[in-house]
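With the hints as extra help, turn the sequences into a complete structure.
According to the UniProt record's numbering, the stretch in the sequence shown is residues 1 to 339, in order.
The hints are simulated quantities; they were obtained by calculation from the structure and are not laboratory data. Since the model is a prediction, treat every value here as computed from it, not as a measurement. A virtual CB, placed ideally from N, CA and C, is assigned to each residue, including glycine. Careful: at least some of the hints might be erroneous.
As a list, the in silico DSSO-like pairs of lysine-lysine whose alpha-carbon atoms are at most 30 Å apart [stated by the list, open to error]:
#, residue 1, residue 2
1, LYS146, LYS165
2, LYS146, LYS227
3, LYS273, LYS165
Cβ pair distances, simulated, as ranges [claimed, not checked]:
#, residue 1, residue 2, range
4, ILE320, GLY18, 27 to 37 Å
5, ARG250, MET151, 30 to 40 Å
6, THR123, VAL158, 19 to 29 Å
7, GLY59, ALA237, 46 to 56 Å
8, VAL234, LEU335, 21 to 31 Å
9, ASP78, LEU55, 27 to 37 Å
10, LEU56, SER175, 44 to 54 Å
11, ILE233, SER156, 32 to 42 Å
12, PHE90, MET188, 42 to 52 Å
13, VAL61, THR191, 50 to 60 Å
14, PRO258, PHE90, 31 to 41 Å
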Amino acid sequence: MNFDFTAEAPKLMMLLYGVIAFAAVVGLLLLVLDVLPARKDRWIALGLLAPAGLLLTVGLVVPAIRTIILSFMNAGSDEFVGLDNFLWIFTDKNSGMLPDFGATPVQYGVLLSTLLWVLLVPTVSTAVGLVYAVMVDRSRFESLAKSLVFMPMAISFVGAGIIWKFVYEYRQEGSDQIGLLNQLVVAMGGTPQQWLLDGPWNTLFLIVVLVWIQAGFAMVVLSAAIKAIPADIVEAARIDGVTPGQMFWRVTIPSIRPALVVVLVTISIGTLKVFDIVRTMTGGQFGTSVVANEMYTYSFRADERGKGAALAVLLFLFVIPIVIYQVRLMRRRRLEGAR
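Written out as structure tokens, the structure is:
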């Protein structure tokens, strides 16, 4: 693919101007902080936080406000329509973008699919990571075992989607199967299946991909929490003659509960925003679409910016309770630590 520098020159110049301006602002701040008296701690903190605050405002706060405004506008963003876009999410019977669910509004299928992701991915990922962390704890090949499970975290969601799309690849019966799963099925005398076409199982096969990625994150965090359990507690439990099962449920789980909550909350927030895997593997077809994918589809493919913005705001509303819970939990732990 040839890159035409001449055609892209204006954009490249704008990028260069932005980098120069940012470097100039940071340099000016460092110069000002250098000449300020040493005790001006507040000014130093403000100066150091100003560049990040500016970037957050321009890249996050302003777009968020603009999205909220667009959610109350029509497709062309030139007419105020009130709550029509939000009512459409729960009342539209067949938008043409997804299969008709009969008497059920189309977006209900999307909401149910998203709910399934949020229920299964954090729970299964955390459970797999916890069990694995307990199994390999202080084993001979602990570092290698952890590296193998954590490795998928280094792969982008798009890359993981492509890998697993090959795993689920289908060829007609009698043809050579290039998909690992269908090859195993054929080797055992079965018939190859189109795993990504038939719902609701296709959604479960997509969920497996995110579990494969997030289990490594859960394992690393929970393994660190397990190693932080005081040795005297473990020794006292062993002296009392507890079984491995009792050790797990009555000592390990209560001791690492804060880490468990953090892992569950973090994975839940990431799961609510899942987009790459669905877009890469099915494009949201065959009943596998989620809220983030619908937001993209209506905003950039169907030219329905108002509806796309409404879906984005809905996704934001879903995330807020989880974030509030996480903030309250962190505040409670801070207060307990201060006592």
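Checked hints:
For the given pair, LYS146 sits about 25 Å from LYS165 by alpha-carbon distance, which is consistent with the 30 Å threshold. Of the supplied pair hints, the one linking LYS146 and LYS227 holds, its CA atoms being roughly 14 Å apart against a limit of 30 Å. Taken as a hint, the LYS273 and LYS165 pair is honoured in the structure, with Cα atoms around 20 Å apart against an allowance of 30 Å. Taking the beta carbon of each, ILE320 and GLY18 are about 31 Å apart, inside 27 to 37 Å as hinted.
At about 33 Å, the beta-carbon gap between ARG250 and MET151 stays in the expected band of 30 to 40 Å. Separation of THR123 from VAL158 is about 25 Å and conforms to the stated range, judged on CB atoms against 19 to 29 Å. Between GLY59 and ALA237 the C-beta distance comes to about 49 Å, which sits within the given range of 46 to 56 Å. Hint check: VAL234 to LEU335, Cβ distance near 27 Å, so the stated range 21 to 31 Å holds.
Judged by the Cβ atoms, the range 27 to 37 Å given for ASP78 and LEU55 holds: they are separated by roughly 30 Å. The hint said 44 to 54 Å for the Cβ distance between LEU56 and SER175, and at roughly 52 Å that hint holds. Separation of ILE233 from SER156 is about 40 Å and conforms to the stated range, judged on CB atoms against 32 to 42 Å. Between PHE90 and MET188 the CB atoms are about 45 Å apart, so this pair conforms to the stated range of 42 to 52 Å.
In this structure the supplied range 50 to 60 Å holds for VAL61 paired with THR191, their Cβ-Cβ distance being about 54 Å. Against the hinted window of 31 to 41 Å, the Cβ-Cβ separation of PRO258 and PHE90 comes to about 37 Å, which satisfies the hint.
The structure fails none of the hints (numbered hints given earlier).
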